[in-house]
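S.K.: So the protein sequences, as listed, match chains H and Z.
1 is the number of the first residue of the first sequence in the numbering used here; add one for each residue after it.
232 is the number of the first residue of the second sequence in the numbering used here; add one for each residue after it.
The hints are simulated quantities; they were obtained by calculation from the structure and are not laboratory data.
Glycine is no exception: its CB is placed at the ideal position from the N, C-alpha and C atoms.
Accuracy of the hints is not assured; some may be wrong.
[Stated by the list, open to error] Anything over 12 Å on all C-beta distances counts as not near chain H; from chain Z, calculated:
#1 255
#2 398
#3 592
[As the list claims (entries may be wrong)] Some residues of chain H that are not near chain Z, with every Cβ distance over 10 Å (derived):
#4 106
#5 201
#6 206
[Claimed, not checked] Below, a list of computed lysine-lysine pairs in the BS3-like style, where the Cα atoms sit at most 27 Å apart:
#7 284/Z <-> 498/Z
#8 296/Z <-> 544/Z
#9 14/H <-> 120/H
#10 498/Z <-> 535/Z
#11 455/Z <-> 479/Z
#12 542/Z <-> 517/Z
#13 517/Z <-> 120/H
#14 186/H <-> 544/Z
#15 479/Z <-> 120/H
#16 120/H <-> 492/Z
#17 479/Z <-> 492/Z
#18 420/Z <-> 384/Z
#19 492/Z <-> 537/Z
#20 120/H <-> 498/Z
#21 492/Z <-> 384/Z
#22 492/Z <-> 186/H
#23 540/Z <-> 296/Z
#24 479/Z <-> 517/Z
#25 542/Z <-> 186/H
#26 517/Z <-> 418/Z
#27 520/Z <-> 296/Z
#28 540/Z <-> 186/H
#29 120/H <-> 455/Z
#30 540/Z <-> 418/Z
#31 418/Z <-> 520/Z
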Amino acid sequence: MSIIVEEIARQIGKDLPSAGVTYLENPSPSEQHSILVESESLVEVMTYLRDTSGLEFDYLSNLSGVDWPQGDVAEKVANKKSGDESEQGEAVEEGAEDQGEKPAGEFLEVVYHLYSMALKEGPLVLRARTQDRGENNAVASVTPVYRSAEFQEREAFDLFGIDFTGHPDLRRILMWDEYEDFPMRKDYVNPDDYEYEPTPHADTLKRAEAHYPQAEPEQAESKDEQVESQD
Amino acid sequence: MSVKENILSKPTLETGADEDQLLRVSLGPQHPSTHGVFRMNVMLDGETVVSLKPVFGYLHRNHEKIAENIPYLGSMPYTDRLDYLCPLTNNHAYALAVEKLAGIEVPERAEYIRIITSELTRVMNHTVFMGFFLGDLGAWGSALMYAFREREKLFDLFEELTGARMMTNYMRFGGCRNDLPAGWIEKAKTFVDGYDAFLDEMESLITGNEILLARTQNIGQVSKELMVNAGITGPMLRAAGVAYDVRKVDSYGIYDRFDFKVPYGEKGDCYDRMMIRFLEMRESLKILKQAIADIPEGDYVNPKIKSAKFKAKPGEAYARIEGPKGELGFHLISDGGVNPYRYHVRPPSFVNLTLIEDMCLGLDLADVVVILGSVDIVLGEVDR
Numbered sequence: 001m002s003i004i005v006e007e008i009a010r011q012i013g014k015d016l017p018s019a020g021v022t023y024l025e026n027p028s029p030s031e032q033h034s035i036l037v038e039s040e041s042l043v044e045v046m047t048y049l050r051d052t053s054g055l056e057f058d059y060l061s062n063l064s065g066v067d068w069p070q071g072d073v074a075e076k077v078a079n080k081k082s083g084d085e086s087e088q089g090e091a092v093e094e095g096a097e098d099q100g101e102k103p104a105g106e107f108l109e110v111v112y113h114l115y116s117m118a119l120k121e122g123p124l125v126l127r128a129r130t131q132d133r134g135e136n137n138a139v140a141s142v143t144p145v146y147r148s149a150e151f152q153e154r155e156a157f158d159l160f161g162i163d164f165t166g167h168p169d170l171r172r173i174l175m176w177d178e179y180e181d182f183p184m185r186k187d188y189v190n191p192d193d194y195e196y197e198p199t200p201h202a203d204t205l206k207r208a209e210a211h212y213p214q215a216e217p218e219q220a221e222s223k224d225e226q227v228e229s230q231d
Numbered sequence: 232m233s234v235k236e237n238i239l240s241k242p243t244l245e246t247g248a249d250e251d252q253l254l255r256v257s258l259g260p261q262h263p264s265t266h267g268v269f270r271m272n273v274m275l276d277g278e279t280v281v282s283l284k285p286v287f288g289y290l291h292r293n294h295e296k297i298a299e300n301i302p303y304l305g306s307m308p309y310t311d312r313l314d315y316l317c318p319l320t321n322n323h324a325y326a327l328a329v330e331k332l333a334g335i336e337v338p339e340r341a342e343y344i345r346i347i348t349s350e351l352t353r354v355m356n357h358t359v360f361m362g363f364f365l366g367d368l369g370a371w372g373s374a375l376m377y378a379f380r381e382r383e384k385l386f387d388l389f390e391e392l393t394g395a396r397m398m399t400n401y402m403r404f405g406g407c408r409n410d411l412p413a414g415w416i417e418k419a420k421t422f423v424d425g426y427d428a429f430l431d432e433m434e435s436l437i438t439g440n441e442i443l444l445a446r447t448q449n450i451g452q453v454s455k456e457l458m459v460n461a462g463i464t465g466p467m468l469r470a471a472g473v474a475y476d477v478r479k480v481d482s483y484g485i486y487d488r489f490d491f492k493v494p495y496g497e498k499g500d501c502y503d504r505m506m507i508r509f510l511e512m513r514e515s516l517k518i519l520k521q522a523i524a525d526i527p528e529g530d531y532v533n534p535k536i537k538s539a540k541f542k543a544k545p546g547e548a549y550a551r552i553e554g555p556k557g558e559l560g561f562h563l564i565s566d567g568g569v570n571p572y573r574y575h576v577r578p579p580s581f582v583n584l585t586l587i588e589d590m591c592l593g594l595d596l597a598d599v600v601v602i603l604g605s606v607d608i609v610l611g612e613v614d615r
């Protein structure tokens, strides 16, 4: 792994001045540092990384969604300068995210792992964040740049509820189409009845239930009585 | 290797047929040629495929959510069930990701054991692939029985080593669960030495077959630029002429010590994909022979690591291996707790299906089955 993420972040900042990129350090021994990219400039940055000679990140290996209901946990995992926020002036390019006023807060995140097959380099880790976990849950789709994102973005949409704007065919992929919740979110509550699914047959099933309304309870009561009398 | 054409454009078909002349066929989910429970909604003009939409999720059990709610080690048996034909490479990839996350050293003997088991798994996967692929072509049964005969021998080896034929749960963070049993390495050597003869037999039986040639050559080709862009990895990518193998590129573990080649194809059709797997098995045998000859004495697991009460410092790591089906990656995020904060699998089968429609458009319905077979998917991994 001979690429230096900080230098690439600096290079992006120089060549694409309008793009908001921030270098994030990873405290783990893996030393896979990452670049936080603003959603608006994501496609531009990805295209730049793919087509610039010397970088040639032609292969998007992995795309994972992450749910951060508490922003301070996210800071612990990927922070600006090994936990020292006062040094953030040294960050490569001013991000839009103003850490001083409010912490990163609640958001959903997409993590991209890029490799270069041409130069046999990697991984380069990029991240993009949504504004919040509610209405503003959009991140630009990178499927027009990397086709390998097509199914992986659908998966992140399905399980996390991240809305990828610009995706050609954004549908649920693993859960069924009628499903309403997002199972990989941290605040997802397991349903009481796993068997229950809202299906097109629900009306029929309800009518069938009403058809013989008292059948089961009566049987149960009579059994109870028998038991009691035996006692 | 830049992409000139628009990567989202699919070949246009001028069938001349009206909308109401097209036939919708739901191919699957219960059909032997779909290799599990997988469905493709196909639109047909006569026999020609006009559109194809894959439908996933029949085996979905949210493996990743389960992993977030149990300790790190608890996920190890679950990884067996991802690609249930090659549990040992799944174990290897997950152990590698955790080792990267926590900076764990692996003893040399453990590295050798991992390479021997991983390469045996690759041989097993490709052998079974031959059986199933021939089954997809209509040679149902015979080829599969030859493949299963060999797989039984490998299962015997795995059972003696791990206690289980398929669901091995063998790797640990910093090594393996137990040492090689006495005499195991000799048995593995006997198997490896005899395997070239089996490959010769299998190749002579199938590669010259006229039906096989007619059904696989020039079927399912896609440009290699699009393959790279779509994240296709493993034998699929190498058949299209891109010699990219994670074992060579990352040389994770100790793969840089072994002398082996990365075979790659020319045309990228189904025939190349099959032949690449034959060549890869022969390269795996080369690695196995070297590893079996060189394996040192020593620890089979890093004695300092307590897998059971394992905790990692906050941070994240992505590790990948060259699985038999392609690049298998694990992305882990730790918040310092006993359970991983985020656990994501990058399954090769799932991503390799991205181009299934592109490969099938304009061909006959019968070719769809061959192309799907040549991708070599396992639904435990696709749906997770």
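S.K.: Given the hint that residue 418/Z pairs with residue 520/Z, does the C-alpha gap stay at or below 27 Å?
M.R.: 12 Å, holds
S.K.: Is the straight-line distance between the alpha-carbon of residue 492/Z and that of residue 384/Z 27 Å or less?
M.R.: 26 Å, holds
S.K.: Check whether the Cα positions of residue 479/Z and residue 517/Z lie no farther apart than 27 Å.
M.R.: 15 Å, holds
S.K.: Is residue 479/Z close enough to residue 120/H, meaning Cα to Cα at most 27 Å?
M.R.: 10 Å, holds
S.K.: Is residue 455/Z close enough to residue 479/Z, meaning Cα to Cα at most 27 Å?
M.R.: 19 Å, holds
S.K.: Measure nothing beyond the straight line between the CA atoms of residue 14/H and residue 120/H; if it is 27 Å or shorter, mark the hint as holding.
M.R.: Roughly 24 Å between the alpha carbons, so the hint for residue 14/H and residue 120/H holds.
S.K.: Holds or violated: are the alpha carbons of residue 420/Z and residue 384/Z at most 27 Å from each other?
M.R.: Holds - the C-alpha atoms of residue 384/Z and residue 420/Z are around 12 Å apart, at most 27 Å.
S.K.: Mind checking the alpha carbons of residue 540/Z and residue 418/Z for me, to see if they're no more than 27 Å apart?
M.R.: 35 Å, violated
S.K.: For the pair we were handed, residue 479/Z and residue 492/Z, check the Cα-Cα distance against 27 Å.
M.R.: Distance of about 9 Å is within 27 Å: holds.
S.K.: Holds or violated: residue 517/Z and residue 418/Z, Cα atoms, limit 27 Å.
M.R.: Given that 27 Å is the threshold and the Cα spacing comes to 16 Å, the pair holds.
S.K.: Mind checking the alpha carbons of residue 186/H and residue 544/Z for me, to see if they're no more than 27 Å apart?
M.R.: The given pair, whose Cα atoms are some 20 Å apart, holds under the 27 Å limit.
S.K.: Do the alpha carbons of residue 517/Z and residue 120/H lie within 27 Å of each other, as the hint requires?
M.R.: 24 Å, holds
When each numbered hint is compared with the structure, violations occur for hints 10, 12, 19, 22, 27, 30.
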